[in-house]
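Participant: Sequence:
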Amino acid sequence: VQLQASGGGLVQAGGSLRLSCAASGSIASITVMGWYRQAPGKERELVAGITRGGVTNYADSVKGRFTISSDNAKNMVYLQMNSLKPEDTAVYYCNAISSLHYAYWGQGTQVTVSS
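Under the working numbering, think of the first position of the sequence shown as -14, with each following residue one higher.
Any given hint could be a false lead.
[As the list claims (entries may be wrong)] Here are the computed distance ranges between Cβ atoms for each label pair:
1. Ser1 <-> Ser84: 30 to 40 Å
2. Asn57 <-> Gly(-1): 29 to 39 Å
3. Gly10 <-> Ser68: 15 to 25 Å
4. Asn57 <-> Ala(-2): 28 to 38 Å
5. Ser99 <-> Gly39: 29 to 39 Å
6. Thr16 <-> Lys48: 38 to 48 Å
7. Ser14 <-> Val40: 28 to 38 Å
8. Gly10 <-> Gln95: 17 to 27 Å
9. Leu31 <-> Gln92: 13 to 23 Å
10. Lys59 <-> Gly(-6): 18 to 28 Å
11. Lys70 <-> Ser11: 14 to 24 Å
12. Gly49 <-> Gln(-3): 15 to 25 Å
13. Gly26 <-> Leu85: 28 to 38 Å
[As the list claims (entries may be wrong)] Subject to a maximum C-alpha distance of 25 Å in a straight line, what follows is the list of computed DMTMM-like cross-link-like pairs (lysine to aspartate or glutamate):
14. Lys48 <-> Glu30
15. Lys48 <-> Glu28
16. Lys27 <-> Glu72
17. Lys70 <-> Asp45
18. Lys48 <-> Glu72
19. Lys27 <-> Asp45
20. Lys70 <-> Glu30
21. Lys70 <-> Glu28
It should be emphasised that the hints constitute simulated quantities derived from the structure, not laboratory data.
Just so you know, these numbers come straight off a predicted model, no measurement behind them.
No residue lacks a Cβ here, since even glycine has one placed at the ideal position from N, Cα and C.
Whole structure, please, built from the sequences with the hints as guidance.
Facilitator: Structural data, given as structure tokens:
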């Protein structure tokens, strides 16, 4: 499975960005996709996840501001980020989990929120 993330950038606090992740390869084996982020000096953390059936979960810090969605026909996962805060600044990684619990990672996309 290959994951290609895009959509990061620089935005002012309160602004919005939409991240996209294109999946290719052995897609049928994927059961869950999601977004993680890693800020400088911090551990990588889960931001949001979505199952193939459309069940979602979010980190408490982004609930009500971020929305994860998927288009299974296009093998795409999106992360709509609204009301961005400086503390959302991080490298965002697309993630996919297979039915055998193997994790795949995309290359990461930088999100910078200025105050």
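Participant: Could you run down the list of hints and mark each one as holding or not?
Facilitator: Here's how the hints hold up against the structure:
no. : hint                          : in the structure
1   : Ser1 <-> Ser84: 30 to 40 Å    : 34 Å, holds
2   : Asn57 <-> Gly(-1): 29 to 39 Å : 32 Å, holds
3   : Gly10 <-> Ser68: 15 to 25 Å   : 34 Å, violated
4   : Asn57 <-> Ala(-2): 28 to 38 Å : 33 Å, holds
5   : Ser99 <-> Gly39: 29 to 39 Å   : 34 Å, holds
6   : Thr16 <-> Lys48: 38 to 48 Å   : 23 Å, violated
7   : Ser14 <-> Val40: 28 to 38 Å   : 18 Å, violated
8   : Gly10 <-> Gln95: 17 to 27 Å   : 24 Å, holds
9   : Leu31 <-> Gln92: 13 to 23 Å   : 18 Å, holds
10  : Lys59 <-> Gly(-6): 18 to 28 Å : 22 Å, holds
11  : Lys70 <-> Ser11: 14 to 24 Å   : 36 Å, violated
12  : Gly49 <-> Gln(-3): 15 to 25 Å : 19 Å, holds
13  : Gly26 <-> Leu85: 28 to 38 Å   : 33 Å, holds
14  : Lys48 <-> Glu30               : 14 Å, holds
15  : Lys48 <-> Glu28               : 20 Å, holds
16  : Lys27 <-> Glu72               : 12 Å, holds
17  : Lys70 <-> Asp45               : 14 Å, holds
18  : Lys48 <-> Glu72               : 14 Å, holds
19  : Lys27 <-> Asp45               : 17 Å, holds
20  : Lys70 <-> Glu30               : 16 Å, holds
21  : Lys70 <-> Glu28               : 18 Å, holds
When the structure is compared with the earlier hints, violations turn up for hints 3, 6, 7 and 11 and for no others.
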